[in-house]
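**Q** Throw the hints in and build the complete structure from the sequences for me.
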Amino acid sequence: MYLSLNWLKEFVDIPKSITPEELGLKLTTHTVEIDGIKKQAENLDGVVVGEILEIKKHPNADKLQLVKVAIGKEKLEIVCGASNIEVGQLVPVALIGAILPNGMEIKEAEIRGEKSNGMLCAEDELGLGKGHDGILILNKTEVGQKFNEYLGLDDVVFEVDNKSITNRPDLWGHYGMAREIGAFLNIKLKKYNVNTVNKNVNSANMRIKVKVEDQKLCPRYMAIAMDGIKIKQSPEWMQKRLIAVGMRPINNIVDITNYVMLELGQPTHIFDFDKIKSVISKQIPSASWRTKSKINIIIRNAKNNETIKTLDNKDQKLDESMLVIADNKKSIAIAGVMGGANSEVDENTTSILIESANFDPVSIRKTSQKLGLRSEASMRFEKSLDPNLCEIAMARIMELIKEFCPQAEIISELSDEKKYSLNQGPIELDLEWVEKRIGKKIEEKKIIEILENLGFEIRKNNNILIITIPTWRATKDISISEDLIEEIIRIYGYDNLESEMPIIMMEAPEINNKRLLERKIKNILSIGAKLTEVYNYSFIGEEQLKKIKINNFSSFIKLANPIASNQTMLQQSLVFNLLENIKLNQAKYENIGLFEIGNIFLNSSGNINKDNKTKDILPYQEKNIGIILASKNDNLFNKAKGVVEYLVNDFNLEINFNPIKDCPEWANKKTVAEIIIANKNIGIVAQLDEKIASNVGIKKQVVVVEINFQKFCDLILNNQNKKYQEIPQHPPVIRDLAFVIDEEILYSDIKNEIENFNYLISLVELFDVFQGGRLGHGKKSLAFHIIYQAIDRTLTIEEIDQMQEKLIKTLEKKFNAQIRDF
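To convert, note that position 66 of the sequence shown is 75 in our numbering; the numbers rise steadily by one, no gaps.
Some hints here could point you the wrong way.
Under the rule of at most 30 angstroms between Cα atoms (straight-line distance), these lysine-lysine pairs were calculated in the DSS-like manner [what the hints assert, rightly or not]:
#1 K650 / K822
#2 K326 / K375
#3 K303 / K220
#4 K428 / K454
#5 K454 / K197
#6 K48 / K199
#7 K720 / K567
Computed Cβ-Cβ distance ranges for the label pairs, DEER-style [what the hints assert, rightly or not]:
#8 E764 / K619: 45 to 53 angstroms
#9 V778 / Q734: 28 to 36 angstroms
#10 I736 / N644: 30 to 38 angstroms
#11 E408 / G255: 21 to 29 angstroms
#12 E453 / G615: 29 to 37 angstroms
#13 E764 / K539: 26 to 34 angstroms
Treat the hints as calculated values from the structure; they're not laboratory data. Even for Gly, the Cβ is constructed at its ideal location relative to N, Cα and C.
**A** Shown next, in the form of C-alpha cells:
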C-alpha cells in the first residue's frame, strides 16, 4: 500500500519542519511499518521535454526512424521505433545517464549503424501507466523543461508494509492514516467535509429495489442511479494522485471509485445502468422512461457452477459459498471482489448505478482465496470495514461526479438496506490500573488527549474513564481495556517508557529432599548396581493380569479413554510392566537388570484435589521403586537381595529380609521375603513362579523387588538425625565362625541373635553360604565375621574366648547350630 504525502496534508497540517524521513520513522514507531520513502521528482531525473524537429527513415532498418529533437539550445539525434510521432510534437526525452523508474539506464548506443543519444519515452517507461503503444505526447510547454516539473511531481510516497495493518481496517485509506498522524503529532484532524446523501430526491421517481437474501453476509447495501454521465479523462490533479500511489487512471467514473477507496478505505462499484437487464429501455418515448423504469438488485449466494466474466476479462466459476450481486437474470459482480464485464462502465456509458456496500469479511476472504482473485477491494473488505463508511463514500462519489460531470443528475431514490450492530462499549478504564499495567504514570490529561485524537469519546467518573469506541474501531479491533492500553502506549511512544528490571528478592528455591533422594537412588542403581533404568506407561490390560493369575479386575481403576485395547486400566504394581520388559528383551541379552521409579494407583480416595474449583479427590497414588533381574543363574534371589542391601547400605541403614505368608499370586512361595528396615516393612523381594513365567512367555529365572518409595525416603531422612560418633581408639578383634544349621532357619534370625548376644560384639557380617556336599540334605552352612571391640579398653584373648564359647552354646541350644570343622 502507498501513501501520498500531499494527500495526507489535505486532512492534517503536518509541520514543514518534519522531513519525510522523520515522518516515516514516526509512522513506523507509532502505527505501521514504512518499507520505503520515494520522492517522485527523483524518479524522473534526467528526463526533459523535447520538440521533434525532423523525422527520417533509418537507412538500415524499415521499422526504425532517425529523429532530431531539440531540448533547448542542444539538439540530439535519437533512433526511435514508434509510429505515432510527428514533427512539432513535444515528447519526453531520457538523456544519457538517466535511470528510469523501471530501472533502465540510458546509455549512448549504436543501433543498426546509427548513433542514438537518448530515448523517446512511452507511458510505461516513465512509470505513468502500462501503455506502450507509442511515445507519450505532451501538451504545450517549454522545450527543455524538466519532465518532473512539467508533471508537477512534487509528492512524497510512503510504502506501507501491508502485514503491519492487517487487523486495522481504518488504516486502508489516507483519511485513517491522517488521523493516526494527527494523534502522535498532537495536531487536530480536519473534518471530512462531504454533503450527506439526500435519501428522498423529489424529482427522482425511479425505484431501486434491493433484496439482500442473507444480511449476515451483507450487513449494508446502498444504491442510487445517475444520468447525464459523460465518460472522459479525469482531471489532471486526480490522475496525479492515483499515479503517485500506484493506481493507473482509466476514466473519470472508474477513477472516482478508486480515488474514494484510497481516500476513505471503502471500496465501491459503479455499474452501467443500461446493461442491467431489469431496466426498462430508454427507447420509451419522451422522458417518461425514468418514471416507468425500475431496477432489481439481488445480493445472493451464487449457484453451483455459475460463471461470470470479471473486469480482468477472465471467466470465473462460482459455487454456493460465494456472494454475488445480480439482477433478475444474471450475476453482475462478485460481491466485494470484482465487478462483472457484463455491466462494465465504458466510453458509451451515459447512466450509472452506484453501489456502496459492506460485506462479511470471512466470506470475502474465502471467495478471494478460492478464486485466486485478490483485489484492492477484497483486501479491504476482509478486514471488517465499518458499515457507516458506506454512506460517507456514497456521498463523496456523488459529489465528485457532479464536479466532473456538471450535467449529471440523480434519477432514483437512494436504496439503503441495512441490518448491523457495532459494539461501541462503553469501556471503563481505571487510571490506577492503567498505571500498574504500563509501569509508568501518564498524566490523565495526556491519556484523554491521546484517546480523543484517535476518535474515542470520553466521560469521566472519579478516577474512571468511560470510553465510547468510534465505529471505525468497533469491528473486532477494540473491545477490552487492554486494547485501550495498547492505544495509549503506542501513541505516547514506546521509546518514552523507561526499561526497568523488576525488583525481585533473590531467594534460594525450597529444597525438595525427596526429589534429591530420587536422583541419588537412580544413580546408585544405575552407576553402582549396573542396572538400566526404564520408563513404562502406567497402563495395563486384562490379558496381562490373567497371565499372572490376577482375575479380579474390580479393584483396578479403568480408563475412560484408553490409548490401546491392551492398556485399559491403571497399574497397582510396577511388576506387571517390568515383566513385559524382560519378555521383550530376553532374546537379546543373557543377563538383564532393570529398575523403574514410577507411580501405582489404587481404587480409593487419595489426598490430591482434581482442581482448585471442585472438592473432587483423585484416586490414591504412590511412588514405588521396582527392580527386576533375569538370568539362568540359580543364585539370582541372593543377587537381588544383594542389590537391595547395596542400595540401603549407601544410606547407612540396616536391612533384614523376613519370611512372608501372604505373598502375591505370581511369586514362588518358597523364595520370597519382605524387606524390613527399622522394624518397618517397606517392600518385597520374590522369585517369579515358573508357571507364571511360562504364561508370560519368559524363559529365564526372574526375581522382582518392589519398594515403597515414600516409606524408604522417610527412613532415610529420619536416619540423617544420627549424631557423630568418634572412631574407637582401641583395636577390634575379628573371629570367623561357620555354623551348620537346618536350611529352614533364616539367616536374619541367626545374625540378630549374634548381634544382641553381647554389647562387645560391634559388627556381624555374613561372608559365605554353602549347601550340599558333606553337609547332607536339608542343611546349610553360614559363615560370619564377628568383630569384638570395647570403647574403653583393649579386649584380652581370654575375654573373647569365654564370650565366643558362650555364644556357640547359645546358638546350639536355640537353633541346634553346630560349628563347622571341615
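**Q** All hints are to be evaluated individually against the structure, with a verdict given for each.
**A** So, going through the hints one by one against the coordinates:
no. : hint                            : verdict
1   : K650 / K822                     : holds (29 angstroms)
2   : K326 / K375                     : holds (14 angstroms)
3   : K303 / K220                     : holds (14 angstroms)
4   : K428 / K454                     : violated (38 angstroms)
5   : K454 / K197                     : holds (16 angstroms)
6   : K48 / K199                      : holds (25 angstroms)
7   : K720 / K567                     : holds (27 angstroms)
8   : E764 / K619: 45 to 53 angstroms : holds (49 angstroms)
9   : V778 / Q734: 28 to 36 angstroms : holds (31 angstroms)
10  : I736 / N644: 30 to 38 angstroms : holds (35 angstroms)
11  : E408 / G255: 21 to 29 angstroms : holds (24 angstroms)
12  : E453 / G615: 29 to 37 angstroms : violated (54 angstroms)
13  : E764 / K539: 26 to 34 angstroms : holds (30 angstroms)
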